[in-house]
Amino acid sequence: GQQLNQSPQSMFIQEGEDVSMNCTSSSIFNTWLWYKQDPGEGPVLLIALYKAGELTSNGRLTAQFGITRKDSFLNISASIPSDVGIYFCAGRNEKLTFGTGTRLTIIP
Amino acid sequence: NAGVTQTPKFQVLKTGQSMTLQCAQDMNHNSMYWYRQDPGMGLRLIYYSASEGTTDKGEVPNGYNVSRLNKREFSLRLESAAPSQTSVYFCASRYTPGQGERNTQYFGPGTRLTVL
Chain A
1 GQQLNQSPQS MFIQEGEDVS MNCTSSSIFN TWLWYKQDPG EGPVLLIALY KAGELTSNGR
61 LTAQFGITRK DSFLNISASI PSDVGIYFCA GRNEKLTFGT GTRLTIIP
Chain B
1 NAGVTQTPKF QVLKTGQSMT LQCAQDMNHN SMYWYRQDPG MGLRLIYYSA SEGTTDKGEV
61 PNGYNVSRLN KREFSLRLES AAPSQTSVYF CASRYTPGQG ERNTQYFGPG TRLTVL
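These protein sequence lines are chains A and B, in that order.
Counting from 1, position 32 in the first sequence corresponds to residue 32 in this note's numbering; the numbering is continuous, with no gaps.
Counting from 1, position 29 in the second sequence corresponds to residue 29 in this note's numbering; the numbering is continuous, with no gaps.
The shape of chain A in the complex, shown without the other chains:
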């Protein structure tokens, strides 16, 4: 089955730094979604993107739906300790296809 290429696999940053991660696919998607998963929990939706070129913000998070409909990125500005977790992108046509995740760690 298809999976999205998500990078980087992991990030180690200091509190206050900005973060950027992205997903690419060989296929076009109609919707791009970004989820965050905390340990022992299910994924929680952060941002949903429905149109090519769309740029959407949710607090310190900003995500964009690529013009080609084959990619998306997520930026987090001024990271804080509660940003720690695994971030997943997901593309959807009929069903969701998930990326492999980006694990974000904040180092003291």
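What the hints contain is simulated information worked out from the structure, not anything from laboratory work.
Values in this document were obtained by computation on a predicted structure and should not be read as measured data.
You may find that some hints are simply not true.
[What the hints assert, rightly or not] With the C-beta cut set under 10 Å, the calculated list includes, among others, these residues of chain B facing chain A:
no.	residue
1	4
2	33
3	37
4	92
5	104
6	110
7	112
Glycine included, each C-beta is placed from N, C-alpha and C at the ideal position.
With chain A fixed as given, assemble chain B onto it according to the hints.
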């Protein structure tokens, strides 16, 4: 609203045993899904139910069966558990396709299954 609930949270089985994972949602969603998540991988779709009374295979259906008992409940059954089925299982639900912004999936907290 409790959202999407799953039981049990944890389960240990021996190879060959059977069990059913339960999922329920109270958001009046039409579609429900079962995923598995393995280390270093994203979620992979096992089965889904687009509406009450219908079920379809996803990406990795072998070794599983599902039942859409009613609009609220969607169960996943392992008839003869194998070590390869050790994973974390997530149930999800969403509104009917085509309803714009509400067209997103909401996940349960997961069931961590170990098969010895």
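Structure-based check of each hint:
Hint on residue 4 of chain B holds. Least Cβ distance to chain A is approximately 7 Å, under the 10 Å limit. Annotation: residue 33 of chain B was flagged as interfacial toward chain A, and the flag holds, the nearest CB pair being 8 Å apart, inside 10 Å. Look at residue 37 of chain B: its Cβ gets to within about 9 Å of chain A, closer than 10 Å, so that hint holds up. This hint holds: residue 92 of chain B has a C-beta 8 Å from the nearest C-beta of chain A, less than the 10 Å allowed.
Checking residue 104 of chain B against chain A: minimum C-beta separation of about 5 Å stays under 10 Å; hint holds. Proximity of residue 110 of chain B to chain A holds as hinted, the smallest CB-CB distance being about 5 Å (cut-off 10 Å). Satisfaction of the interface hint for residue 112 of chain B is found here, the shortest Cβ-Cβ separation to chain A being roughly 8 Å, below the 10 Å cut-off.
The structure fails none of the hints (numbered hints given earlier).
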